[in-house]
Structure formats: C-alpha cells, structure tokens
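As given, the protein sequences belong to chains S and P, one line each in that order. Just so it is clear: in the first sequence, position 128 is 128 by the numbering used here, and no numbers are missing. Just so it is clear: in the second sequence, position 165 is 1165 by the numbering used here, and no numbers are missing.
Accuracy of the hints is not assured; some may be wrong.
[As the list claims (entries may be wrong)] Chain S residues, not near chain P, derived (Cβ > 12 Å throughout):
hint	residue
1	50
2	51
3	64
4	83
5	92
6	101
7	102
8	125
9	185
10	188
11	190
[Stated by the list, open to error] Pairwise CB distance ranges (calculated):
hint	chain 1	residue 1	chain 2	residue 2	range
12	P	1095	S	155	44 to 52 Å
13	S	91	P	1027	34 to 42 Å
14	P	1167	S	122	27 to 35 Å
15	P	1167	S	155	44 to 52 Å
16	P	1165	S	182	33 to 41 Å
17	S	130	P	1224	16 to 24 Å
Don't read these hints as lab results, they were simulated from the structure. These numbers come from a predicted model, not from an experiment. Each residue gets a CB set at the ideal place from its N, CA and C atoms; glycine is no exception.
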Amino acid sequence: SSHAFCSFSCCSSLLPQRGPLRGSHWQSSVLTLRTSLPVRAQPKKKKKVDVRREQAQKDRMKKKLKKLEKAAPELIPIEDFITPLKYSDSNRVRSLPALSPEETERRVLLLKKWCLFKQKQDEAEKKAIQSLVESQQEALKELRLESEELYQAAIRRDEGLFPFQRDGPTYTPPLPGYDPPEGKCVDITKVYTQ
Amino acid sequence: AAAARRPWRLFGAMCLLRLPRITQPLEKEEEEMAALMGQIELEKSHYSDHEIRKLEEEERLKRRKESLYDDDDEATGKTVIMAQDLEEKWEQKFLRFKAAPRITDADKKNIRTSLNRKLDSNLMLLVKQKIGNQELWLLPQVEWQPGETLRSTAERAMATFLGDHIQAKILGNAPYGIYKYKFPRAIRTEDNVGAKVFFFKAFLQSSDFTQTEPKADYLWVTKNELGDYLKPEYLKKVNRFLLD
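Sequences and hints are given; from them, build the entire structure.
Right under this line is the structure:
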C-alpha cells in the first residue's frame, strides 16, 4: 500500500506544466506578472547610459564655464587717456612767435615772486590755526578747573557735525528773480560692462 | 569735605559767523600768475575745431577776394554762417547779461546792521548788553544755569537775541576761547570774584530775519571792524580764535 502512494506523488510532479507561471496565487491577472518582477531588459540599460551621458555633458560645460571665468576680465578703457587720432594732425599745431629772452626772464622772476607769496600765505594760515588751537586748549583748561562735568560734556564728540556740507562762494552774488534759460542735457557717455 | 564752590560766574557766548558769499578779489601776484598760467596753457595747446573752422574760412575769404572769377565756382545762394559771426553773436549775448553787483548798496552806505554788506568776508554778530552798570558791545552772552552744558548756554544766548528760528551750525561741543575778568572791587565778594566767558563758534545757515526782530541793538561786523567796538582785552581774546 505505501508503495502505491509514492508512485502517485512522483507521477503528479512530473506532469507537464501547461500555462504561464504564477508568482503566487494572490495575483489576479496573469498579465501583471512581467512588469513587477525585477527584469534586466533593454529599457533600463538606456536610462543609465543616458544619465551617465548627461552627467558627463554637464561636467564638461561646467569646466568650460570655469575656464572662461578664470580668464582675467577685459580692462575698461579710460576715455580720458586715449587721445583721439584727429587731434594729432599736423595742421593742429599752433604757430606762435618764439619767446624773447626778456619774456623768459620776466616769467622766471614772476615764478619766484609767486613762490615767496605762497610761502608767506601758507605760514600765515598755519599760524592762525595754531593760535586757534592754543585758544581752545586754554579754554578747556579753565573749564576743567571750573567743573569736571562740564569739561566732560565739552570734550564729547559732536555727532551731528559731520558730514558737513556747504556751498562755496561764487564770483557774483545770486541775482534775485533770475530765470535761467531752459535746456536739455543729453548724456552720451559710453558705458562698458565687464 | 564738600567741593569748594568756585567763585567764578560762568557765561556762554556765541560767535555767529555769516560766511562769505562771493570770492575775495585777487592780489596783484595772483592776478599776474593767473595771466601767466593762461598764456602758458595757450602756448602748449593745439587748435580746437572752432579755431580750425575760423582759419579755413579766413583762407577761403582771402582767396575769394584775390581771385574774382572763383565766385562762379562757389555754390551761390547758400548762406553760410561764419565762425566769426557766431563769435560776435555770443559776445552780444554776454554783454546783454547783467550780473548782480559785488559791492552792494549796503556797502556803499555802510549800513552795519545789514547782512548784505561785505559779501566777500566773514560777518560776526555783536550786541549791546548791560554788564554791571555799563552798556557794552559784546558777542551775545548769557549766564550759565546749572543743569545745562555750556553749548546749550550759547544756543540760548543766540536765541534770546535773534529768536528761535535761527538756523546755525555750531562747530562742536568744545569752547573756542575764554575771557576771564574780575569784578571791580566794589562788587567783589568771597563767592563772586569774577566771571569767565566761554566763546562758541557757529556758522549762520538761514539768512531770513524777516520773522524776528532782534531784541537789542545789534551789528554785523568783519574782523577788522571789531576793534571799533570791543574793549582791547576782550578783542585780543576773540581775535585768537577768528580765522580771516
């Protein structure tokens, strides 16, 4: 009787499998089988290569950008230091009579007088400033003798003093009721970008 | 021991300066030097476009005058503005403009209370004050009261004489000068030996005095004219901190 059972089980295992394989009996449709299993098929390979290629391209672009940035920026030309070519024409050169020796003599003497004048002016200015500073020091010394509190208030820095702005003197005083003529100013300066 | 009370009375005075509105006239050396500099600049320069145009037009005029039959070749019926005409036009326009005079009416009549006088130098405010039993010309001063700094005393002095709407830039918290004097023996006591007047400097910024009438006799004077009004000792101390 046991002999008969064994033969029956092996017979059942050798039965040819007919129909597609099912992962488990929970899978409702047979068609869903292929997609969920890890498959090393062609579409996946393409993705990886693409990603790698894109990465390589990006790196190359970045390297190029870095090289360009490292190059020193082009210097902006200073317009004032470049004389336009039209001013070096020969017809532009002024023709004046040569200086006489009396004229050169007069010029040299005038320059020497100017030197002396400026020196005296400078000395007078320095003396005036010195006297001002001395006067202030004396005033502060006397103030200190009077009261320490007032002295401390006096030597404190005045925050509202700077920045100090003032319009300088002109040659003639302003004309009352003067109406300046209307005009338009067009700015033609060239702007360079680095 | 309590701190001994100093017997000096403190005053804060304000030296209000009206800064110059026009430039000072040039000295002789300065004028000669300016002329020389102009000449050297002219010698070192090249012709400008306007001068080239003028030279060419002069040449053309000369050629036209010398050769009579060049007239037909020149384009007739075309009015050309010459550079010379332009220069004359500019000259005429300049002569028509009349600038404000540097020497004002107040200068000519020597009205010392006006601010429009001596536009090329600093003007200082002087007021007539009663000190003791004397009427003196002084920089506006007021006695210091405990609880305020000396700078605010000076500001108060300015406000008492010129009103609250004065706009002045005070140059710093520190005094610029000091004038110390002892009272005459008649009033001098142990506690009241004399007075110390601390001077502060300020630049006048608003020139609008129409709103407030000054309370006392006042004058605006230059540094040279101070000698006419101030006592010699006082003047000496004030002159030390005035830059002309």
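Here is what the structure says about each hint:
With a closest Cβ-Cβ approach of about 66 Å to chain P, residue 50/S is found to remain outside the 12 Å limit, as its non-interface label requires. Under the 12 Å C-beta cut-off, the non-interface status given to residue 51/S relative to chain P holds; the minimum distance is some 67 Å. Its beta-carbon lying about 48 Å from the closest one in chain P, residue 64/S satisfies the requirement of being farther than 12 Å from that chain. At roughly 10 Å from the closest C-beta of chain P, the C-beta of residue 83/S falls inside 12 Å, breaking its exclusion from the interface.
Remark: the non-interface label on residue 92/S conflicts with the geometry, its nearest Cβ contact in chain P lying 4 Å away (cut-off 12 Å). The non-interface label for residue 101/S is consistent with chain P: the shortest C-beta to C-beta separation is roughly 16 Å, beyond 12 Å. No Cβ of chain P approaches the Cβ of residue 102/S within 12 Å, the least distance being about 14 Å, so the stated non-interface status holds. Not every C-beta of chain P lies more than 12 Å from that of residue 125/S, the closest at about 8 Å, which undercuts listing it as non-interface.
Non-interface status of residue 185/S relative to chain P is upheld: no Cβ of that chain comes within 12 Å, the nearest being about 20 Å off. For residue 188/S, the non-interface assignment is confirmed: its Cβ lies about 16 Å from the closest Cβ of chain P, beyond the 12 Å cut-off. No beta-carbon of chain P comes within 12 Å of the beta-carbon of residue 190/S; the shortest separation is about 20 Å. For the pair residue 1095/P and residue 155/S, the supplied restraint of 44 to 52 Å is violated, since their beta-carbon distance comes to about 57 Å.
For the pair residue 91/S and residue 1027/P, the supplied restraint of 34 to 42 Å holds, since their beta-carbon distance comes to about 40 Å. Distance hint check for residue 1167/P and residue 122/S: the Cβ-Cβ separation is about 34 Å, which falls inside the suggested range of 27 to 35 Å. Distance hint check for residue 1167/P and residue 155/S: the Cβ-Cβ separation is about 26 Å, which falls outside the suggested range of 44 to 52 Å. Separated by about 34 Å at the C-beta atoms, residue 1165/P and residue 182/S satisfy the suggested range of 33 to 41 Å.
Separation of residue 130/S from residue 1224/P is about 21 Å and conforms to the stated range, judged on CB atoms against 16 to 24 Å.
Hint violations for this structure: numbers 4, 5, 8, 12, 15, all remaining hints satisfied.
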